Amino acid sequence: MLQASNLSIIFGSRVLFDNVTFTIQPRDRIGLVGRNGVGKSTLLKAINGEITPQEGSISKPSGYSIGFLKQEIRGQNEPTVWLEAQTAFKEINILQEKLDNVQHQLETRTDYDSDAYMNLSQEFCDINDRLVHLDIDDKDKKTELVLLGLGYQREDFEKAPSTFSGGWAMRLELAKLLLQNPDLLMLDEPTNHLDIESIIWLEEFFQKYEGAIILVSHDKTFLDNVCNKTIELELGKMYEYKANYSKYLVLKEDRREKQLQTFKNQQDQIKQIERNIERFKAKASKASMAQSLVKKLDRMDIVEVEQDDVRSMRFQFPMGQQSGKVVVKATNLAKNYGEKQVFHDVNMEVERGDKVAFIGKNGMGKTTMAKIIAKELDASSGTQEIGHNVVTAFFAQHHAEHLPKELTILQYMEDTAPNDVRAQVRNILGAFMFSGDDATKKISVLSGGERARVCLAHLLLNPSNVLILDEPTNHLDLRAKDVLKDAIAKYPGTVIVVSHDRDFLVGLTTKTFEFKDGVVRQHVGDVNTFFEERRLANFREVELNTQSSGVDSQKNNNTSNNNKTDEKEAKRIKNQISRLEEEISMHETAVKKLEEKIAQQAQDGKYDEPTVQQLGEGKKQLEKLMQEWEVLQV
606 MLQASNLSII
616 FGSRVLFDNV
626 TFTIQPRDRI
636 GLVGRNGVGK
646 STLLKAINGE
656 ITPQEGSISK
666 PSGYSIGFLK
676 QEIRGQNEPT
686 VWLEAQTAFK
696 EINILQEKLD
706 NVQHQLETRT
716 DYDSDAYMNL
726 SQEFCDINDR
736 LVHLDIDDKD
746 KKTELVLLGL
756 GYQREDFEKA
766 PSTFSGGWAM
776 RLELAKLLLQ
786 NPDLLMLDEP
796 TNHLDIESII
806 WLEEFFQKYE
816 GAIILVSHDK
826 TFLDNVCNKT
836 IELELGKMYE
846 YKANYSKYLV
856 LKEDRREKQL
866 QTFKNQQDQI
876 KQIERNIERF
886 KAKASKASMA
896 QSLVKKLDRM
906 DIVEVEQDDV
916 RSMRFQFPMG
926 QQSGKVVVKA
936 TNLAKNYGEK
946 QVFHDVNMEV
956 ERGDKVAFIG
966 KNGMGKTTMA
976 KIIAKELDAS
986 SGTQEIGHNV
996 VTAFFAQHHA
1006 EHLPKELTIL
1016 QYMEDTAPND
1026 VRAQVRNILG
1036 AFMFSGDDAT
1046 KKISVLSGGE
1056 RARVCLAHLL
1066 LNPSNVLILD
1076 EPTNHLDLRA
1086 KDVLKDAIAK
1096 YPGTVIVVSH
1106 DRDFLVGLTT
1116 KTFEFKDGVV
1126 RQHVGDVNTF
1136 FEERRLANFR
1146 EVELNTQSSG
1156 VDSQKNNNTS
1166 NNNKTDEKEA
1176 KRIKNQISRL
1186 EEEISMHETA
1196 VKKLEEKIAQ
1206 QAQDGKYDEP
1216 TVQQLGEGKK
1226 QLEKLMQEWE
1236 VLQV
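Here the working numbering runs 605 ahead of the position in the sequence shown, where the first position is 1.
Heads up, simulated DSSO-like pairs for lysine-lysine below, C-alpha to C-alpha not over 30 Å straight-line:
1. Lys1010 x Lys650
2. Lys1179 x Lys966
3. Lys857 x Lys650
4. Lys744 x Lys966
5. Lys1121 x Lys945
Cβ pair distances, simulated, as ranges:
6. Ser613 x Lys863: 26 to 32 Å
7. Glu763 x Asp743: 17 to 23 Å
8. Pro631 x Arg1031: 48 to 54 Å
9. Gln710 x Gly668: 18 to 24 Å
10. Leu736 x Met606: 18 to 24 Å
11. Leu1083 x Ser897: 47 to 53 Å
12. Asn881 x Glu845: 35 to 41 Å
13. Thr715 x Ile656: 47 to 53 Å
14. Tyr844 x Pro684: 43 to 49 Å
Calculated from the structure, these hints are not laboratory results.
The structure presented is a predicted model; accordingly, all values stated were derived computationally and were not measured.
Note that the Cβ used here is the ideal one computed from N, Cα and C, for glycine as well.
With the hints as extra help, turn the sequences into a complete structure.
Below you can see the structure in the form of structure tokens.
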């Protein structure tokens, strides 16, 4: 068990969090949530001993081990992926050598009654217990299981880590941590570089994991499926909920409503006491009563209403001159990396004003196609025609990792801004929540979310008529995702988005291109339309669905195989119906609470427009869920 007591961390004049206390129990599954920059990564570093709090302490048992997956990639020096993964067993090898040495001393010494011999015996027990905890058997089998689960192929095991992209290097770091089997596993945005199959495998791995886990993630589904506790950091304070993310949102709203009602009742009480004091102090016979009421007010613990962090990005993508009608046209396009063919015979046309989504598993060519369209890569064969007057702005998936860390945000923006825009750089940074001194922060100290905001701000330096965004929601908090989605929706130009985030894509795009097994297929409509065509409800099923469709289905399956397929399909639909029913129930509860809140506001003569809008959005989402449920009932 790890105990943090009265922690306070302050950077300059900025209080990240103040007087924070919490406990991490064995098998806790904690979702650490909050806005970008509130201190989530800093708190993890404090737990890991990398940062010393100005006040408070962190205590843990002797030998308590912590594994920490950071957003930055560490050095990977072994010649192969397999050998790099097996460096996770370095502690086991050291402990085994130490155990052999202690055992040899116990066997050769004869001072059985001495304190030194007793200490050796205790050390032997402690080391042995640690090795049992680390589960030293079948190291090769476990290494293979974890690497395959995180998406590596067996032929990748003998390749050098340096031949893989940064995302795969991060997977390798995650594999090493899982194999180390620490008492506490801390993961900072672990799903950013994972496809859906790997995310599902990781969820299942965590269900069996014996230690405690802390997750920083903006993947709502992942948090819901893994966590049994949520800790929120907001405006320097910490709030703890014994619930997963979706339930935490409901509980948080309930808590705030009760707090506001308690505050209102107390204020009414205070006003009544103050009126009585004014009445009584004018009369000599009531002076003692007035004094008594004054003392009562002084002793009263005033209820404080917790503040919400309402700061938000506010921006629009600048539009350049209008492009031609056809933005990009690909004919029989193919891309190979050596002998590996990523995709082939792609015929694609994107027109002016289209909002396009690229979806599919990692490694299927989504990013490659985006780079080809952005002219950062050449196709291996086929032709690509870029339309008249097309000016692209490209948000690269890993651009944030390559920002110049030695510069401040302001220096980077001014150095790369055109002359006529340089005077507007501070205003642009302010729109992305980098006002005043925040603009002079060095890039090296920024969180992943803050670096992502810098990259988005950089897109505003040059007007464009085509936006190409490769995983733009990585590292962004939920509110920032909503602002980005709104900015894309209002952008009058053409947009191509590579993403695995369904919540972000829903209602945003007009065309969906599915990348699968070297083939690219076009679907009209947004991702919801795509899902409805296949009677699927989320990316998990899209990317795990191995059944062929239409004329491609196998016609020679025997009756037994068909029955098994029917049973699997029926089970899948049943599970999906159950999930939808849970979501519908949760949304119905939320809508009911909003309706009650608005009714109370009507009685008070005060209308809160954001609440009304929230109710409207909630009803729309409830209606969509009901439609999905009805489709599955057919």
